[in-house]
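Peer 1: Just so you know, the protein sequences line up as chains F and U, in that order. For the first sequence, our numbering assigns the number 46 to the initial residue and increments by one for each residue that follows. For the second sequence, our numbering assigns the number 2 to the initial residue and increments by one for each residue that follows.
Treat the hints loosely; a few may be bogus.
Stated by the list, open to error - Residues on chain F that point at chain U, a partial pick, calculated with CB under 8 Å:
#, residue
1, 230
2, 233
3, 239
4, 249
5, 607
If you're looking for bench data, these hints aren't it; they were derived computationally from the structure. From a predicted model like this one, the values you see are computed outputs, not experimental measurements. Note that CB positions come from ideal geometry on N, CA and C, so glycine has one too.
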Amino acid sequence: MASNHGNTNSEPATNEQIITEFFAKSLHIILESRCPYVSSRNYSGEQVLSSPSSSSSSSSIFWPRDKWFNLALKDCSAALENIDFWRQSYLEPMVVDVVLVQRSSNWDPLNCSPKRALVRNLSSKERYYWNSENDEYRNEVMSEKIIERWVVEYESKKCSNIGGGGGGSGSKRWSSTSSHTLYKKSTLLLRSLYVTVRLLPAYKLFRDLISSAQIGMYNLGHRVSSFVEPFTHTEEAEMQRFVFTPLDTACGRLCLSVLYRSSISDVSSEPSTPMSPQFIPDYVGSPMADPLKTFPSGPLPQGSPSFSHLGRRHSWSYDLYKASPPSGIPSPSPSYSESHATFAKPHSYRLPPTGGTRHLPDETPQEHVKNTNYDEYSPSPNFSMSPSPSPPTYTPGIHISNALKRSESAPVSIPAIRASGIPPLFYNQMLPPSPPLRPSKSSLAKMDCRSTLLQAGSTVDKIFPFGKDEAGRLTGVKISSNSSPQKSISRSSSRLSFPDDYDESEFSGPFVVDEDDMTDPGSRPGSFDPVGNPCGQNDHLGVSAVKKSQDAAVGALVCMLKKAPPLQQDLQNSANLLHGSRPEILKATTIDPNQISGQPVMQQSAAMSSAASLLAPKTTADALEELHGYAVMKNSLLKQGGDHKHT
Amino acid sequence: MNCEVCQLKELEVEHIEVREVLRCILHTILFHRALGLVRPKDVDLELFDITYVQCGDVEHEKKINEKIDHFIDRVEKHPNKKNQICLSFYEVKNKQATWFTNKVERHYWEQWYINLNTVQHPKTHSGKSHHPKVVVDPGETASEERNARRTALESSLREVLFQIIKFVNEKKDHVPPIPNLDGVSFPYEITISSSSDSAFGMDMLKRMLQTGHPTMLS
Chain F
46 MASNHGNTNS
56 EPATNEQIIT
66 EFFAKSLHII
76 LESRCPYVSS
86 RNYSGEQVLS
96 SPSSSSSSSS
106 IFWPRDKWFN
116 LALKDCSAAL
126 ENIDFWRQSY
136 LEPMVVDVVL
146 VQRSSNWDPL
156 NCSPKRALVR
166 NLSSKERYYW
176 NSENDEYRNE
186 VMSEKIIERW
196 VVEYESKKCS
206 NIGGGGGGSG
216 SKRWSSTSSH
226 TLYKKSTLLL
236 RSLYVTVRLL
246 PAYKLFRDLI
256 SSAQIGMYNL
266 GHRVSSFVEP
276 FTHTEEAEMQ
286 RFVFTPLDTA
296 CGRLCLSVLY
306 RSSISDVSSE
316 PSTPMSPQFI
326 PDYVGSPMAD
336 PLKTFPSGPL
346 PQGSPSFSHL
356 GRRHSWSYDL
366 YKASPPSGIP
376 SPSPSYSESH
386 ATFAKPHSYR
396 LPPTGGTRHL
406 PDETPQEHVK
416 NTNYDEYSPS
426 PNFSMSPSPS
436 PPTYTPGIHI
446 SNALKRSESA
456 PVSIPAIRAS
466 GIPPLFYNQM
476 LPPSPPLRPS
486 KSSLAKMDCR
496 STLLQAGSTV
506 DKIFPFGKDE
516 AGRLTGVKIS
526 SNSSPQKSIS
536 RSSSRLSFPD
546 DYDESEFSGP
556 FVVDEDDMTD
566 PGSRPGSFDP
576 VGNPCGQNDH
586 LGVSAVKKSQ
596 DAAVGALVCM
606 LKKAPPLQQD
616 LQNSANLLHG
626 SRPEILKATT
636 IDPNQISGQP
646 VMQQSAAMSS
656 AASLLAPKTT
666 ADALEELHGY
676 AVMKNSLLKQ
686 GGDHKHT
Chain U
2 MNCEVCQLKE
12 LEVEHIEVRE
22 VLRCILHTIL
32 FHRALGLVRP
42 KDVDLELFDI
52 TYVQCGDVEH
62 EKKINEKIDH
72 FIDRVEKHPN
82 KKNQICLSFY
92 EVKNKQATWF
102 TNKVERHYWE
112 QWYINLNTVQ
122 HPKTHSGKSH
132 HPKVVVDPGE
142 TASEERNARR
152 TALESSLREV
162 LFQIIKFVNE
172 KKDHVPPIPN
182 LDGVSFPYEI
192 TISSSSDSAF
202 GMDMLKRMLQ
212 TGHPTMLS
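With the hints as constraints, model all of the structure from the sequences given.
Peer 2: Here is the structure:
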């Protein structure tokens with residue numbers, strides 16, 4: 046124990062150092078248990094000390110700052126970054142506000158993603174949440190409430206040689222408040238502070254945050270300043286005060302107190318300071334959004350590989366169909382915290398900024414603002430795990446559409462049918478912006494390269510994309526090739542219910558082209574060889590003639606199908622339609638008898654057989670057979686088209 | 002130097018709660034008196050939503066656990082009694098043998114009295130009732146009562162911890178200078194007594210004789 050009498054000259058300096066370090070230590074203790082983000086970095090420049098005794102705690106490594114008050118704490122970068130001001134002058138009070146930031150009630154924490162959190166290129170005053178992956182804005186309302194206010198201050202007074210303040214008896218000499226005594230009492234006080242911060246209600250919130258139990262629901266932030274807006278009477282009435290016994294020195298008094306909310310549950314349920322909602326114009330689906338923007342592939346809602354193709358082309362429709370991401374919200378792992386270590390610095394990390402700007406001194410013309418050590422509200426990186434867009438409403442119509450698309454295993458860009466639940470605008474947006482939905486000759490030539498039945502089915506689907514009865518049956522043929530007959534019937538029947546919703550004008554289907562081709566062969570679009578070999582001028586007429594015949598046959602088939610009654614409907618109606626369509630079919634087949642070689646008989650017979658079969662009651666087996674027949678017909682068409690091409 | 006005494010608020014605890022309550026209180030007091038270099042260790046209670054602090058010294062933790070085990074054994078043998086655990090900090094003043102004792106004289110400068118009223122509530126008669134419907138109600142009632150008791154005990158335990166904090170803050174002058182030691186810097190002892198013990202008051206008297214100063218009851 047050092048003698049106080051021989052060091053009178055150094056006493057004031059030592060006391061000042063003790064007080065300065067007291068400020069730093071108290072800030073460290075407070076933020077260590079209130080700031081969820083704790084840096085694991087070791088600040089360089091300090092020589093590591095080893096514990097002289099083996100009876101210490103688990104770790105024998107102590108930093109020099111740990112020696113102060115014999116209290117070794119975990120690293121807390123927030124504390125170390127904010128204490129510089131008070132190291133220079135402890136005459137200013139240090140006010141530490143612990144702020145509870147809560148999200149709005151309609152927030153979906155399950156869609157939080159650590160990648161979509163940070164506000165980019167936005168100032169700290171803004172309240173936007175920016176979804177970096179989807180270029181999507183969200184409007185959100187967050188509230189913050191100060192749940193604790195710690196005040197550490199040194200009240201200086203006229204130095205006196207006669208006793209200290211009220212800490213001890215009046216008969217004590219001024220040496221009783223010597224550095225050693227002050228140091229001992231400061232150590233005791235900091236011990237009490239360390240225990241107290243863990244008994245207050247805010248500690249539970251802190252623990253829940255670091256244990257990732259409440260990620261996305263709220264966050265704890267802090268503000269360290271020398272001047273803050275005082276609480277109103279109402280606010281202060283809701284809080285409790287705990288005052289630590291001041292430490293008297295020869296020249297002042299070191300005081301530590303806290304105002305805290307005794308019931309955090311009330312706080313968490315009542316947002317007190319709602320921030321101004323910021324509406325975001327570019328949401329998914331808006332015209333300003335890029336419909337072609339690809340989205341990261343995720344879990345497919347139906348698990349179909351073909352859907353991924355459709356998902357790529359109809360990128361944001363896929364996004365709408367996308368299921369909610371797994372609920373495994375990333376926990377605040379140390380690595381993640383470390384990767385965002387720089388964000389803990391003042392002004393450098395903001396998401397989401399607070400609405401407590403009224404508490405920011407740089408908005409208030411105060412002289413204390415010159416405090417360069419002021420730290421704005423700094424939420425932890427946990428708060429940065431902002432949610433992805435909430436999944437859209439999954440309508441049954443969309444589900445049916447997905448089911449239908451599932452059967453389309455080929456990478457067809459044309460949706461075969463539009464589900465009734467889909468609004469017209471959405472349906473239009475489902476369509477790929479790239480055109481070749483028109484089954485031009487080029488598209489038909491493309492089909493030559495495809496050998497699978499499904500591809501052929503999709504080709505047929507291209508040709509007969511309508512949700513009419515005929516299309517339903519035809520696509521039913523295709524579907525049944527991949528699935529059970531029951532499904533085929535159900536799907537076809539479901540499709541059959543859509544014809545009224547379908548708007549032909551919205552779809553530039555091949556049928557229109559076929560009609561044009563049939564009426565005006567000369568207006569056929571230019572030749573195109575999907576293989577890449579440009580057609581020569583001499584082959585143009587031959588190829589065009591062959592394709593014209595194919596188109597005519599296809600067109601005839603289309604007409605037949607359009608006029609054919611649906612399955613399981615009134616046979617009388619179907620018979621009437623059949624009789625009405627039969628002359629047309631015959632006419633269609635006879636228009637170009639010379640242009641169709643090798644196949645017209647087959648086509649006609651197939652058409653007639655299919656028409657005749659409409660009269661008979663339909664069973665599952667019959668439907669299956671019919672589908673097979675259509676498939677054979679289609680294959681023949683394709684084969685012939687390929688043969689004529691190569692000839 | 003006076004001996005500061007702190008009588009903590011009496012707590013009514015069940016047998017299964019004794020260990021956690023005692024560990025929480027004893028370690029909190031010790032942490033305030035471990036003025037050597039320490040690395041605090043936060044410990045969460047299992048039965049209560051309270052986090053207390055240990056000084057991180059393994060030896061002292063072991064010593065406390067042994068005392069608590071001794072106390073629990075005593076409580077199990079003599080249930081439904083009021084017990085008192087006394088944590089005393091002392092200084093070794095004089096090593097010279099005296100007329101009354103050959104032991105080293107200890108000067109107690111602080112004493113903490115932890116008052117526990119250990120109770121053992123009757124168990125439910127779920128397996129013995131002849132009426133199935135009656136079985137459910139007592140079980141639920143007992144569970145609710147236990148939860149209410151535990152909630153009340155948690156609140157009382159928090160009060161005791163704040164009582165410790167306030168006492169430590171208000172009275173600092175009697176604490177001896179910090180020795181150059183790590184961890185718990187002052188020697189201490191833990192004694193156990195119950196209301197039925199004849200030596201319950203004798204322990205108090207003995208300390209009075211050893212310290213040579215009248216005990217100041219707060």
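Peer 1: Look at each hint and say if it fits the structure.
Peer 2: Cross-check of the supplied hints:
| no. | hint | verdict |
| --- | --- | --- |
| 1 | 230 | 5 Å, holds |
| 2 | 233 | 5 Å, holds |
| 3 | 239 | 6 Å, holds |
| 4 | 249 | 7 Å, holds |
| 5 | 607 | 70 Å, violated |
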